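In the order they appear, the protein sequences are chains A and B.
All residue numbers for the first sequence refer to the working numbering, where the first residue is 1 and numbers rise by one.
All residue numbers for the second sequence refer to the working numbering, where the first residue is 1 and numbers rise by one.
Each hint should be verified, as a subset may be incorrect.
[Said to hold, decoys possible] Taking CB as the label site, the calculated pair distances span: (1) B:Ser-40 x A:Thr-112: 16 to 24 angstroms; (2) B:Ile-56 x A:Gly-72: 31 to 39 angstroms; (3) B:Thr-68 x A:Ala-5: 30 to 38 angstroms; (4) A:Leu-70 x B:Gly-92: 20 to 28 angstroms; (5) B:Ala-17 x A:Asp-63: 48 to 56 angstroms; (6) A:Val-55 x B:Pro-108: 41 to 49 angstroms; (7) A:Asn-51 x B:Glu-79: 38 to 46 angstroms.
Hints in this document: simulated from the structure, not taken from any laboratory.
Computed from a predicted structure; not experimentally measured.
Glycine included, C-beta positions come from ideal geometry on N, C-alpha and C.
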Amino acid sequence: EAGVAQSPRYKIIEKRQSVAFWCNPISGHATLYWYQQILGQGPKLLIQFQNNGVVDDSQLPKDRFSAERLKGVDSTLKIQPAKLEDSAVYLCASRLNSGANVLTFGAGSRLTVL
Amino acid sequence: AQRVTQPEKLLSVFKGAPVELKCNYSYSGSPELFWYVQYSRQRLQLLLRHISRESIKGFTADLNKGETSFHLKKPFAQEEDSAMYYCALLFGNEKLTFGTGTRLTIIP
Chain A
1 EAGVAQSPRY KIIEKRQSVA FWCNPISGHA TLYWYQQILG QGPKLLIQFQ
51 NNGVVDDSQL PKDRFSAERL KGVDSTLKIQ PAKLEDSAVY LCASRLNSGA
101 NVLTFGAGSR LTVL
Chain B
1 AQRVTQPEKL LSVFKGAPVE LKCNYSYSGS PELFWYVQYS RQRLQLLLRH
51 ISRESIKGFT ADLNKGETSF HLKKPFAQEE DSAMYYCALL FGNEKLTFGT
101 GTRLTIIP
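Next up, chain B with everything else stripped away, as it sits in the complex:
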């Protein structure tokens, strides 16, 4: 079955330190993966997707098919990065399944 695993429910990082939010997936087909973010009192919104291979707000994520991972990284954390982050897998009839999320807190 298709599954997305985010092993860390909570992650605290000092401002200026590197950030890595882990995401692993299980899917037998060709995956399409996304990171969605929810800032305090805001809607769930797309942060980035692996197809575009872009850097958004300093974040990048590389799809590693061998390790079935799609970890989110940023070299230097900023206070405004504090939010809830969800990894998501698109499969089948455009069904999007989410991980349980990681709450990232940046310590000033």
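Okay, chain A solo, but in the shape it has when bound:
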């Protein structure tokens, strides 16, 4: 099966600019996650979707971060305006709703904010 696709792989922007990341999960995976991984730390959950609905966005900084999954398939994570502390790898993961609770991760999008 095809894996979780993410783009772009790398992005460098200046603070106060905006950026968007895209994720296409494994076909049939209803649950989609966005994680932020800052250098030297473990992945931190930003938002979790079930189909096109938000299950949890309690750790999403909503003043600058937004995410959507309009058709319940691919998803976009946006940051506007970016801050220096947003420099991180943004990981997308997906999971089938039945069977093992195993997440499949994409390769990640590395953001550098200057």
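Fit chain B to the given chain A structure using the hints.
Coordinates of chain B only, in the frame set by chain A:
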């Protein structure tokens, strides 16, 4: 609050020696625990989960509810085991929370 603690950021072990990566968790409910691994230049991927009670690449992990631990063990380390290892706890609405990770280096 749910939390996963990995006390060692770095761990170096000689090839052929035993390996133990520590993981402790805090969760009032019934935990579901995982070990994920990230090899150099590869994606984060599942190594093993406590429910399946399996051995993957020679690694095992036993859930100890009394000590709230889920340590990862391997009797004889191999060079290809060098990687970043993350312990993770699944709770609530299938939310997966990760520890800070341990970088394991196997010395030839």
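Evaluation of the provided hints:
no. : hint                                     : verdict
1   : B:Ser-40 x A:Thr-112: 16 to 24 angstroms : holds (20 angstroms)
2   : B:Ile-56 x A:Gly-72: 31 to 39 angstroms  : holds (32 angstroms)
3   : B:Thr-68 x A:Ala-5: 30 to 38 angstroms   : holds (37 angstroms)
4   : A:Leu-70 x B:Gly-92: 20 to 28 angstroms  : holds (25 angstroms)
5   : B:Ala-17 x A:Asp-63: 48 to 56 angstroms  : holds (49 angstroms)
6   : A:Val-55 x B:Pro-108: 41 to 49 angstroms : holds (45 angstroms)
7   : A:Asn-51 x B:Glu-79: 38 to 46 angstroms  : holds (43 angstroms)
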